[in-house]
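Those protein sequences? They're chains A and B, same order as listed. This note's numbering applies: residue 479 is where the first sequence begins, and numbers increase by one. This note's numbering applies: residue 118 is where the second sequence begins, and numbers increase by one.
Each hint should be verified, as a subset may be incorrect.
Only part of the chain A face toward chain B is listed, based on derived beta-carbon distances under 10 Å [stated by the list, open to error]:
no. : residue
1   : L579
2   : M589
3   : G614
4   : S694
5   : F731
6   : G734
7   : L750
On the chain A side, residues computed to face chain B include the following (Cβ under 10 Å) [claimed, not checked]:
no. : residue
8   : V561
9   : T572
10  : L574
11  : P660
12  : P690
13  : I737
Counterexamples of contact, computed for chain B against chain A with all Cβ distances above 12 Å [unchecked claim]:
no. : residue
14  : V139
15  : G195
16  : G222
17  : D226
18  : T233
19  : R242
20  : I281
21  : Y282
22  : V289
23  : L305
24  : V323
25  : L325
26  : E357
27  : F399
28  : Q403
29  : S431
What the hints contain is simulated information worked out from the structure, not anything from laboratory work. Glycine included, every Cβ here is placed at the ideal spot set by N, Cα and C.
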Amino acid sequence: MDLAAVFTLEILYSIAVLVLISAGLAVVFGMMRVINLAHGEFMMMGGYATIIAVQAGINVYIAMLIVAPLVVGVIGLVVERLVIRFLYGRLVDTMLATWGLSLAFTGAAVMIFGNTTTGVSTPISGFTLGAYQINGYNFFIIVVSILLLVAAYAILRGTRLGLVARGTMQSADMAAALGYSPDRVYMSTFFVGSALAGLAGGVLAPLVGLVPTWGSAYIAKAFITVISGGASIVLGLLSSATVFGLVSQTFTFLSGPVIGEVALLVAAIVLLRLLPQGITGRFFKGRL
Amino acid sequence: MEAIRLRDAAWVVLAGIVLMFVAPLVLNYYTLTLLVIYGLLALSLGLIWGFGGILCFGQAAFYGLGAYAYAVSAANIGESTVPMLIAIAVPFVFAFLLGAMMFYGRLTDVYMGVITLVVTLIFFRFMNTTAGPEYQIGQARLGGYNGMPGYQTLNVPGDPSAYIYDSSLYYVSFVILLLVYVLVRLLLASPFGRIAVAIRENENRVELMGYDARFRKSVLFAIGGGIAGLAGALYASWAEIVTPGLFSLGQSAEIIIWCIVGGLGTLVGPVLGAAVLGYLKFALGQQTAVDNVLIMGLILVVVVLVLPRGVVPSLMSAFAGTSRRNRPNAARRGRRGRGRTDG
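Okay, chain A solo, but in the shape it has when bound (with noise of 0.2 Å):
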């Protein structure tokens, strides 16, 4: 009983650790069709801007959830000023550009904060459920994966600054004949964007030792899941990480954590066989 309990908290963790690394390239590539390749880097950054502000005296969760989203949001902004807004609708372009200031960021942040590993501790203390050792601040990182997918939910569908940002989404030139001017939708995207890779780094950083490097191991596994996941935000980011938690986790729970990743990625090339346009390309058409 215990046992299934664990089990089930682990795959819920490891879906939420998906859908934490993830949500920041789903909303620009659902939005704005824009891989980001630089996404791991911004949770690289996000990790520091929290480090920095808990050493600066921040409250931990302030620092997490408020400093970390803010400072790569803007990093973010800046990004697209310079480099990304001359690459709309040239998805490759985009890519490789990113991927460029991915190792410039990695470059900068190895001279910056040289190659050691910096961390701070976790807020949150562990508990026992039977014989079993649990960490307790898995919950807190499921407890903000649930809302952020709830908030992202409730913003699109409920609010007028969701429906701009729907229909620019479905066609930017309607929109902007209109009225609305895709260029700014598409920069507050990015900053949304951002902010949200921010808010996973500062939200992961206590569970990891900091390395510039640090960005590089997740890159992958957000690129796939929002891939696979296809063009719907909400349903997307939330199927392809259900699907890509369960068996990396169960794989995990079988034989260990190199045969469970390895299992994620076999499921990835396998999904994208089966559905090349992502599981929402296919399944959930058109919804959020």
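Use these hints to put chain B onto chain A, whose structure you have.
Frame of chain A; chain B shown alone:
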């Protein structure tokens, strides 16, 4: 048209031969050999991406596969001729199967990119775990994270004690590069190559003419894989150790950067891009003021923004003006693929 391009190719080979003898005056053989191997690797991606329009984010998979195939078979056989052939054959077959899976599934640009990237990652993760004694193929222990040293390096065919190393390895690699270049040029001049370019330009139209684009793309992809495997085998011989790092994300990124900077739609561009950037990385590695990853990243961003066709095609059209070589946007179209967002 094709005759003219083959004549250009002859000039390129001639220039290459001159360069082969001039370069050692400037740099040592050890570094030069690596640059030549990089050139060969870039050529493999330049072929499938620039001429086939196949965006492969994981060319490193075939490179690493070639290196490992060589190392494992050389450790078992103790002679380098057969392992060299195996190192070409294994990535060739693997690339063909992978390509067939993707092309028959009608996957296009980003999705293809993701799959090839994922395959590279799988190799990377898997090879990192092969430290235990159970991962042994014949005499060869894969060695996990630490890699696999101690296999027979390149030797004169038939004589395992006559090692080819240092200056001779450099000349052998360079001659192989030139040979592969000529073969690829001939391939592109053949009906197969011309249809490959036609597929890049408009796949539907080629299929309506009755050609099987999926099969042809798979073959082209496999040829690229085989060339990358050959580069991997030469690398294995040069470095005398193969490590999972061959499959890393960074390695994949570098190959793409070489091709972009050098220029797609040409064969010389990627090779030069690889040699120049490879040297630049080496030179930057000598100093500590600026991180070399930072520079590589910035170069990639700037080239994508300012010279979307790459350095060599831009230079060519600048010099040639409106002459015969002015093929508008061919390179860029190949790079952009046929994504639905193209506009």
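Status of the hints after comparison with the structure:
At its closest, the beta carbon of A/L579 sits 6 Å from a beta carbon of chain B; the interface hint therefore holds under the 10 Å criterion. A cut of 10 Å between beta carbons decides the hint on A/M589: the least distance to chain B is about 5 Å, and the hint holds. With its C-beta approaching chain B no nearer than about 29 Å, A/G614 sits outside the 10 Å limit, and its interface hint is violated. Checking A/S694 against chain B by beta carbon gives a least distance of about 6 Å; that is within 10 Å, so the hint holds.
The beta carbon of A/F731 comes no nearer than 17 Å to any beta carbon in chain B, farther than 10 Å, and the hint placing it at the interface is violated. With a cut of 10 Å, the hint placing A/G734 at the interface with chain B holds, because the nearest CB-to-CB distance is about 9 Å. Taking 10 Å as the C-beta cut-off, the interface hint given for A/L750 holds, the closest approach to chain B being about 6 Å. Taking 10 Å as the C-beta cut-off, the interface hint given for A/V561 holds, the closest approach to chain B being about 6 Å.
Given the 10 Å rule on beta carbons, the hint for A/T572 holds: about 8 Å separates it from the nearest Cβ of chain B. Given hint, A/L574 at the interface with chain B, holds; its Cβ is 5 Å from that chain's nearest Cβ, closer than 10 Å. For A/P660, the shortest C-beta to C-beta distance to chain B is roughly 13 Å, which exceeds 10 Å, and the interface hint is violated. Here the hint on A/P690 is kept, as its CB sits about 9 Å from the closest CB of chain B, short of 10 Å.
Using the Cβ-Cβ criterion of 10 Å, the hint placing A/I737 at the interface with chain B is satisfied: the shortest such distance is roughly 9 Å. Every beta carbon of chain A lies more than 12 Å from that of B/V139, the smallest distance being close to 32 Å; the non-interface claim holds. For B/G195, the non-interface assignment is confirmed: its Cβ lies about 32 Å from the closest Cβ of chain A, beyond the 12 Å cut-off. Not every beta carbon of chain A lies more than 12 Å from that of B/G222, the smallest distance being close to 5 Å; the non-interface claim is violated.
Some Cβ of chain A comes within 12 Å of the Cβ of B/D226; the nearest lies about 6 Å off, and the non-interface call is violated. Non-interface status of B/T233 relative to chain A is broken: a Cβ of that chain comes within 12 Å, the nearest being about 10 Å off. With 12 Å as the threshold on Cβ separation, the claim that B/R242 sits away from chain A is violated: the shortest Cβ distance comes to roughly 6 Å. The Cβ of B/I281 sits about 35 Å from the closest Cβ of chain A, beyond the 12 Å cut-off, so the non-interface label holds.
Every Cβ of chain A is farther than 12 Å from the Cβ of B/Y282; the closest lies at roughly 33 Å, confirming the non-interface assignment. Every CB of chain A lies more than 12 Å from the CB of B/V289, the least distance being 32 Å, so the non-interface label holds. A cut-off of 12 Å between C-beta atoms confirms that B/L305 is not in contact with chain A; the least separation is 22 Å. At the 12 Å boundary, the C-beta of B/V323 stays outside the reach of chain A, the nearest C-beta of that chain being 20 Å off.
Residue-level check passed: B/L325 sits 21 Å from the nearest beta carbon of chain A, beyond 12 Å. B/E357, annotated as away from the interface, keeps every beta carbon of chain A farther than 12 Å; the closest lies near 26 Å. The Cβ of B/F399 sits about 16 Å from the closest Cβ of chain A, beyond the 12 Å cut-off, so the non-interface label holds. No Cβ of chain A approaches the Cβ of B/Q403 within 12 Å, the least distance being about 16 Å, so the stated non-interface status holds.
Remark: the non-interface label on B/S431 is consistent with the geometry, its nearest Cβ contact in chain A lying 15 Å away (cut-off 12 Å).
When held up to the earlier numbered hints, the structure conflicts with 3, 5, 11, 16, 17, 18 and 19 and fits the remainder.
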